[in-house]
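Enquirer: If you want the building blocks of each chain, they are given just below.
Protein chains: 4
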Amino acid sequence: MGARTGQQFLDKLDSMRPHITIDGEVVSENLTEHPAFKNVARTYAQLFDLQHDPKFKDQLTYPSPTSGDPVNVSFLIPRTIEDLERRRAGIKVWAEYSNGFLGRSGDYMNSSLTALASAKKWFEKADPVYGERIEAYYEMARENDLLATHTLIPPQVNRSVSGSEQLGGQLSARIIEERADGVVIHGARMLATVAPIADELLVFPSTVLRGTPEDAPYSYAFAIPNDTPGLRYLCRTSLHNGGSHFDEPLASRFEEMDAVVVFDNVFVPNERIFMLGHPDLCNQFYSETGAAALMTQQVVTRTIAKSEFFLGLATEIAEAIGIDGFLHIQESLAELVVDVEIGRALMRAAEVDAKLNEWGMMQPNWPTLNAARNWYPKIAQRFPQIIRTFCASGLMALPGEADLASDALPDIEMYLQGKSLTGPERVKLFKLAYDASISGFSSRQALYEYYFFGDPVRMAGALVSSYDKTPMQQRIKDFLARED
Amino acid sequence: MGARTGQQFLDKLDSMRPHITIDGEVVSENLTEHPAFKNVARTYAQLFDLQHDPKFKDQLTYPSPTSGDPVNVSFLIPRTIEDLERRRAGIKVWAEYSNGFLGRSGDYMNSSLTALASAKKWFEKADPVYGERIEAYYEMARENDLLATHTLIPPQVNRSVSGSEQLGGQLSARIIEERADGVVIHGARMLATVAPIADELLVFPSTVLRGTPEDAPYSYAFAIPNDTPGLRYLCRTSLHNGGSHFDEPLASRFEEMDAVVVFDNVFVPNERIFMLGHPDLCNQFYSETGAAALMTQQVVTRTIAKSEFFLGLATEIAEAIGIDGFLHIQESLAELVVDVEIGRALMRAAEVDAKLNEWGMMQPNWPTLNAARNWYPKIAQRFPQIIRTFCASGLMALPGEADLASDALPDIEMYLQGKSLTGPERVKLFKLAYDASISGFSSRQALYEYYFFGDPVRMAGALVSSYDKTPMQQRIKDFLARED
Amino acid sequence: MGARTGQQFLDKLDSMRPHITIDGEVVSENLTEHPAFKNVARTYAQLFDLQHDPKFKDQLTYPSPTSGDPVNVSFLIPRTIEDLERRRAGIKVWAEYSNGFLGRSGDYMNSSLTALASAKKWFEKADPVYGERIEAYYEMARENDLLATHTLIPPQVNRSVSGSEQLGGQLSARIIEERADGVVIHGARMLATVAPIADELLVFPSTVLRGTPEDAPYSYAFAIPNDTPGLRYLCRTSLHNGGSHFDEPLASRFEEMDAVVVFDNVFVPNERIFMLGHPDLCNQFYSETGAAALMTQQVVTRTIAKSEFFLGLATEIAEAIGIDGFLHIQESLAELVVDVEIGRALMRAAEVDAKLNEWGMMQPNWPTLNAARNWYPKIAQRFPQIIRTFCASGLMALPGEADLASDALPDIEMYLQGKSLTGPERVKLFKLAYDASISGFSSRQALYEYYFFGDPVRMAGALVSSYDKTPMQQRIKDFLARED
Amino acid sequence: MGARTGQQFLDKLDSMRPHITIDGEVVSENLTEHPAFKNVARTYAQLFDLQHDPKFKDQLTYPSPTSGDPVNVSFLIPRTIEDLERRRAGIKVWAEYSNGFLGRSGDYMNSSLTALASAKKWFEKADPVYGERIEAYYEMARENDLLATHTLIPPQVNRSVSGSEQLGGQLSARIIEERADGVVIHGARMLATVAPIADELLVFPSTVLRGTPEDAPYSYAFAIPNDTPGLRYLCRTSLHNGGSHFDEPLASRFEEMDAVVVFDNVFVPNERIFMLGHPDLCNQFYSETGAAALMTQQVVTRTIAKSEFFLGLATEIAEAIGIDGFLHIQESLAELVVDVEIGRALMRAAEVDAKLNEWGMMQPNWPTLNAARNWYPKIAQRFPQIIRTFCASGLMALPGEADLASDALPDIEMYLQGKSLTGPERVKLFKLAYDASISGFSSRQALYEYYFFGDPVRMAGALVSSYDKTPMQQRIKDFLARED
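Protein chains in written order, with the numbering used here: chain A, 1108 to 1591; chain B, 1108 to 1591; chain C, 1108 to 1591; chain D, 1108 to 1591.
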């Protein structure tokens, strides 16, 4: 089949029977019609359609090496720097279409699968069969253009002990039975974003595993269809409040759902198991295979588009109400410019200094990308703050689409006009500002970026320990020893 | 009549016929039943009822000097430090009941009127009749326990020119006709909070006026009933999304509406006019009368209650999920403790160093309160950030009240329990955290505090220029001249 | 004798024979002449002289209850709030004389001794003799107006283990022999500020002690004369570079030395031992006696004077070069105003809400002061940054006193004048700015404030655990249980 | 001649007769022996010697296109990206040798001259003779390996008016006479760094010039020998306090002097004048020629070396005292890692996306470098703060070289050892930390970086106005217009 159309995506979605609870109701069919999912499903369908749009087709797809069908470029195993650039060019199309507000567009998990498949030999360290399975799964996902969600961290019950120690190990998803044809999983994990509209669920190694018998049940990697029996999703309430594209321009399009994942005696057949046991390998799952690098390439491409969005938005607002001449406004705009340029430079430098990894994949320079993913979560918090500071009370003196169609229109035209915009235009712009800086949608975005790769406080430790500081330390030693 | 009951407040509200546009509809009656207003009206009714609650009555009211009826303590003209403390004790009751989330409870504008009435002689500088009118209005408001909103700033059309210069002066509310029996006002102002449920609208001097003919139409102070002909309010959409107290614990109670105020040839009769012309006096309206000081006493009392709320909430969360032992969590808790103590100390010091002002009112020490109102807007931005950092993905792995009543309950009990809470208890606590740090309600609160007294960048300049720095400068001069 | 004169202080100093190493030399006599100590000794002498200055005498002293001689007011055991205010008034004189740059003026340790003596009964929990000794020592110190330094923390060798565990316990000062007439101490402690010009060294409990045999040798409190045999001080190099009061206005007056303290088999006689063993009591030494509260009253009084100094300095600079009209300059000035007012309010509130403690001492409200000492270390870091930002290149385009007396004078008069100052005046002002924001002296001040009470990261944990958060937590619980 | 040796540099310096006032003395000869200049002169000599060191020769030099002699690579006019990389490789040698602490090594102004000469045609817009002169001057500088200082900003007398308006225009250096053979300059400028040891002084256009008669005297660009009659330098006092390399490891090597520049009727001959009048061209002097880009390439290369130094230093300290396992220490280390990687990425991206400019020079991508120079001044302020936080009291418990040679050695060996270092080693390391975070030298470095390219507040405005924000604005416009 290859790259799907939006309709194909929606049809497949409607044919699935997942177990999804939201607002006290179980939804298992007609997902494309449910008010909490239909809009984001439609947006995702648009992404799929772009693959067939003559304007973007060449950027978004490449010919499958097996079928020859066009498949999404995020499945391309990069062998050269040009391949990496090609991947980025495709990822960028979706990122700019969604202005970076979709955190789980298919190319994210596709990038992970692509790196894992390219590291087939790494899987073979455990067992040759794992290498074959991951490759087969990757090819299946690529040829069918599947949308995967994933779930990583243990339930947040008691953070003073490790995930596997909470409540005597009765909480985290774990193997409770090993059978000849597969394993049975029981327990929960957090947090599957975009789960209700996904085709597949990837369940890869989580947190740090010890090589002890107690941790053995947590050493695994597998993938299952989203409507596997026993698999249940428990959703939060939607952040789209039902408003129009005018009133909720972001939430009405980009509200990806988050869900707790419950495994209730879920059977995983052997062909979907990519690793069992081998805690050491599990702990290196993302780093050694190159999956972290390819995923981060996708993420940074997306966050650049988001930073650019905020720079564009802030500039439009500043001009609209005539504040662009103030020094303190310019300082905030300069901050956004710098953020955009830093993001771009980190991406660019990681690409041009990419190197082939052990498995023959051209891997973007990891220390650069690792810095990028430690840097962005913090600066992203500033974006809504800047927008709020620019708009001030304009975010509250804000009627909506229905008001434009009412007798209030003359008042809006008169009193809500901008320096360079009519009243309705300014209201439309400020609705966007509102949805980017005030709405629940906007706050969830800030939270999401902050914790995207994990707790920044913990990530700092990981960055420091993995980073080669010896050349700098040697410089200090040499300087202290200098005799002049 | 004196202090009203909740029912009296609601009855009066239902008898009014204001012109309020929200979501494209004009609402002019049954305001207590409108979904956007009924909940906050009910909460305000509870505040009024507390005046008659045996537990709080003595704190919240004092006997009117004219009628002898109990009236709200925020109307008490303080003559002694004990009076100030009495005022604060009463204000604190409402502040703690609402945990600081109600920015326009009646005591706020009452405090303003109280100071203005006590400064009757200041008004007489312009004309003896103004002194009589402000006093009479104050007494009427006190005896009828009226709820006032107010509106201050010009429309935000083009901030590169002054409010009165925008669009050739055609935007800001201004006097367009002076008649024997009053004046006619036309134009708009921003931003009347709690307008839909108010009895009265106060329209006091705004921004800095020059003594030029061009600025004359903007030199005034008056008050009108909320359903005065020609007065129109244009609301934003509600931040309460219709959820229950469980799901939206703050927004379902404390969502005060904001509205643009449009004066369409509004006639203001003489007895409601407290100042006309006298731009110099207009510019000193808040500072010279002591109104700024009494209003800020109310505000600081309220914001202390809010800081305490966040400290309490953060502590509960930290214990609930077992993160209270981490150093970086303790740093954030310590930050909240320090904020609470600073707020309290500023209030306390302003009281004990209060002095009688020129008009015989015991005025809290202004430099202290002025510092408080420059300090709080910035630190308040940290509160939701801290809550988010504590809760992390717990804010997204968050089912709601309906889910508790569904088949999902066992999963919630198992996988969403806390270290010290059952699943449902933890969900309830995290819903509160969500409404304090993620929801549109929470973001509007942060924005509201940031701009409460005006743009902090501008306020800084005002603080510096009004502050007596000469003793510190003299210390520098003396030190430079020291011969030792 | 009572309050000393400067000359009496200097004479006593010259009669002492401490063992002080600085810049490779051992100094044991003529300390008042040593270039590294003479200036600060002179400044301290001025402080003592102020006790006899008719202008300040009444603030700085009170009649000794035993001798009737005037003694320093920091020895006054406060029994009333007025006593606390009296103490503060006296402390303020020295603080303003030194603009807060002297961290160890006598009133600091005096405050500690005063509280300890007032808590005689607390000492008696261990042994009645300790109560008598601490009282006797306090009285001796008061009547002789002694200047004490103290030393608290273990050597900084390996912070990954506790102080008593470093190098098998061979580093920290500890009891190595218990004799009938006293104990023998061996090991080191950091960091005795102002040690070279002190009369006495106080060695009180440090860090957290466990009730284990291993920690027993570290459970003690004693005081010894500064020239006790076996006691050695190892100084850093001086931060006064030898310049004049013009060129180094702060360092040439206020450079207090810091020293490592080495105990080489130091014998401490029984009468100077205030506690031995009793790790539980040792751990409460500062908190339970009220010593922390009285010391912090002194510190906060001092730091207010310092904040005021920076506000005055920044204002003078801004006016001198005509930058006071810029918005971003005003923001920094406003920040300093707010800091001054917060400091004052915390002090004031702690006083008016003081309460008698268990030992009959009027103790300033501790949670308020505890917040103050957690708040100041961080904001103090901003002061030199603000000064640098104001002065910019003016801190580098900065000739000195010798240049004013040279042929360069006309160039200085012409090209280094300010908007409101002559060239020489501006140079003098900027030399002060330099010494407050660029010099090693200024950086050491910032470091000193940051770590004054210990590592802020650790202090945060202590603040949180000692603070009563239950009322705020109860508010949350009540709110969650509210049915309305 | 080509690239000089250190000795050649020193000999030339000793042959010059500039007019330099420092500490009240005029120094005009034997500059290489003056205590304030000799150490930095020696360090500069080492830089020159590196040009002849077999290890670095090929990186630091290239064959002159005219003489064939090896000349410094900073004179290479880049025509290709490889040329840019070659320039950076050479610049990096000096930057790493000085760990980024030398702000005015020759390659800085060389880079400026190189770009200017390559933009010969730009100069010809004013007059063909200017093109010839700048080229000739560049070649002369290159072949003689001259060290230039420059001076840019007007005296800081009254910042509320423009430089040319201060004191009626009597302060800033200006043309007071135009003669047939040259011009006469009178007035002052700030701030010539490294002036006392420079060969030449470059005086290029400053601030923004208006095309008015009043601004005509300020429209010029020229270069003069450092000992031109009438040229006077007025120095600040040295930040090297005379200590050894052990005690002042940075200041004793890298203390570049700053000086006010006074032009007292200085005659500039025609051949040294590169521009006269043409305020429009003067305003574009750095941007249009590419000089800003090449200078910033040098600066960013230098600041990367400095960031790396601080990362290395912080890591060494953390390991030395066993604090590397603490989470909050790791956060600071991670911050430094991120800073290093961002700096590198900005440099790398600017290079790979370089383009030929109008004059045929391969110019690094300016928006990227412009972001870099707006970003660094702020983050550089954190470096000394981090070092202080790591070292804490260890920066004060710090004896020196003389103490190591004294009887205090055993105490140092015992009590000042580190976890992984002997006492003397730790003292040496901490002396370096001290000179990087506490000393006047370190503070001047922080100030210098902050204001390197001008006031960051003003630079922000320039960045924003020069940056092409239209693509981002278009994205917002498109999104608002999206119909889906």
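Hints were generated in silico from the structure; no laboratory data involved.
Quantities reported herein were computed from a predicted structural model and do not represent experimental measurements.
Please note that the accuracy of each hint is not assured.
Only pairs whose alpha carbons sit at most 25 Å apart, straight line, appear in this in silico DSS-like list of lysine-lysine [stated by the list, open to error]:
1. D:Lys1485 with C:Lys1485
2. C:Lys1227 with A:Lys1485
3. C:Lys1228 with C:Lys1462
4. B:Lys1119 with B:Lys1164
5. C:Lys1485 with B:Lys1162
6. D:Lys1227 with A:Lys1584
7. C:Lys1584 with B:Lys1526
8. A:Lys1584 with D:Lys1199
9. C:Lys1119 with B:Lys1584
10. D:Lys1232 with A:Lys1164
11. C:Lys1227 with B:Lys1584
12. C:Lys1164 with B:Lys1164
13. A:Lys1162 with D:Lys1584
14. B:Lys1485 with C:Lys1199
15. C:Lys1164 with B:Lys1584
16. C:Lys1119 with C:Lys1164
17. D:Lys1227 with D:Lys1462
18. D:Lys1199 with D:Lys1584
19. D:Lys1199 with D:Lys1462
20. A:Lys1199 with D:Lys1462
21. D:Lys1232 with D:Lys1462
Enquirer: Run every hint past the structure and note whether it holds.
Expert: Status of each hint after checking the structure:
1. Restraint check for Lys1485 (chain D) and Lys1485 (chain C): satisfied, since their Cα atoms lie roughly 18 Å apart, inside the 25 Å limit.
2. For the proposed pair Lys1227 (chain C) and Lys1485 (chain A), the alpha carbon gap of about 52 Å is over 25 Å, so the pair is violated.
3. Using a Cα cut-off of 25 Å, the hinted pair Lys1228 (chain C) and Lys1462 (chain C) holds, with the two alpha carbons roughly 18 Å apart.
4. Pair hint Lys1119 (chain B) plus Lys1164 (chain B) holds up; C-alpha atoms about 22 Å apart against a cutoff of 25 Å.
5. Of the pairs offered as hints, the one joining Lys1485 (chain C) and Lys1162 (chain B) is violated, with about 42 Å between alpha carbons and a cut-off of 25 Å exceeded.
6. Using a Cα cut-off of 25 Å, the hinted pair Lys1227 (chain D) and Lys1584 (chain A) is violated, with the two alpha carbons roughly 45 Å apart.
7. The hinted pair formed by Lys1584 (chain C) and Lys1526 (chain B) meets the criterion: a straight-line CA distance of about 16 Å does not exceed 25 Å.
8. Among the hinted pairs, Lys1584 (chain A) with Lys1199 (chain D) is consistent with the structure: their alpha-carbon atoms are about 18 Å apart, no more than 25 Å.
9. At roughly 34 Å between alpha-carbon atoms, Lys1119 (chain C) and Lys1584 (chain B) are farther apart than 25 Å, so this suggested pair is violated.
10. Between Lys1232 (chain D) and Lys1164 (chain A) the CA atoms are separated by roughly 48 Å; this puts the pair beyond 25 Å, and the hint is violated.
11. Our distance criterion of 25 Å between C-alpha atoms is broken by Lys1227 (chain C) and Lys1584 (chain B), whose separation comes to about 45 Å.
12. At roughly 51 Å between alpha-carbon atoms, Lys1164 (chain C) and Lys1164 (chain B) are farther apart than 25 Å, so this suggested pair is violated.
13. Of the pairs offered as hints, the one joining Lys1162 (chain A) and Lys1584 (chain D) holds, with about 19 Å between alpha carbons and a cut-off of 25 Å not exceeded.
14. The straight-line distance between the Cα atoms of Lys1485 (chain B) and Lys1199 (chain C) is roughly 30 Å, outside the 25 Å bound, and the hint therefore fails.
15. At roughly 24 Å between alpha-carbon atoms, Lys1164 (chain C) and Lys1584 (chain B) fall within 25 Å of each other, so this suggested pair holds.
16. Under the criterion of a C-alpha separation no larger than 25 Å, the hint pairing Lys1119 (chain C) with Lys1164 (chain C) is consistent with the structure, at around 22 Å.
17. Simply put, Lys1227 (chain D) and Lys1462 (chain D) have alpha-carbon atoms about 18 Å apart, close enough for the 25 Å limit, and the pair holds.
18. About 44 Å separates the Cα atoms of Lys1199 (chain D) and Lys1584 (chain D), which puts this hinted pair outside 25 Å; it is violated.
19. Pair hint Lys1199 (chain D) plus Lys1462 (chain D) holds up; C-alpha atoms about 22 Å apart against a cutoff of 25 Å.
20. Distance restraint check for Lys1199 (chain A) and Lys1462 (chain D): the Cα-Cα separation of roughly 23 Å lies within the 25 Å cut-off, and the hinted pair is therefore satisfied.
21. Of the pairs offered as hints, the one joining Lys1232 (chain D) and Lys1462 (chain D) holds, with about 22 Å between alpha carbons and a cut-off of 25 Å not exceeded.
Of the numbered hints stated above, those contradicted by the structure are hints 2, 5, 6, 9, 10, 11, 12, 14 and 18, listed in ascending order.
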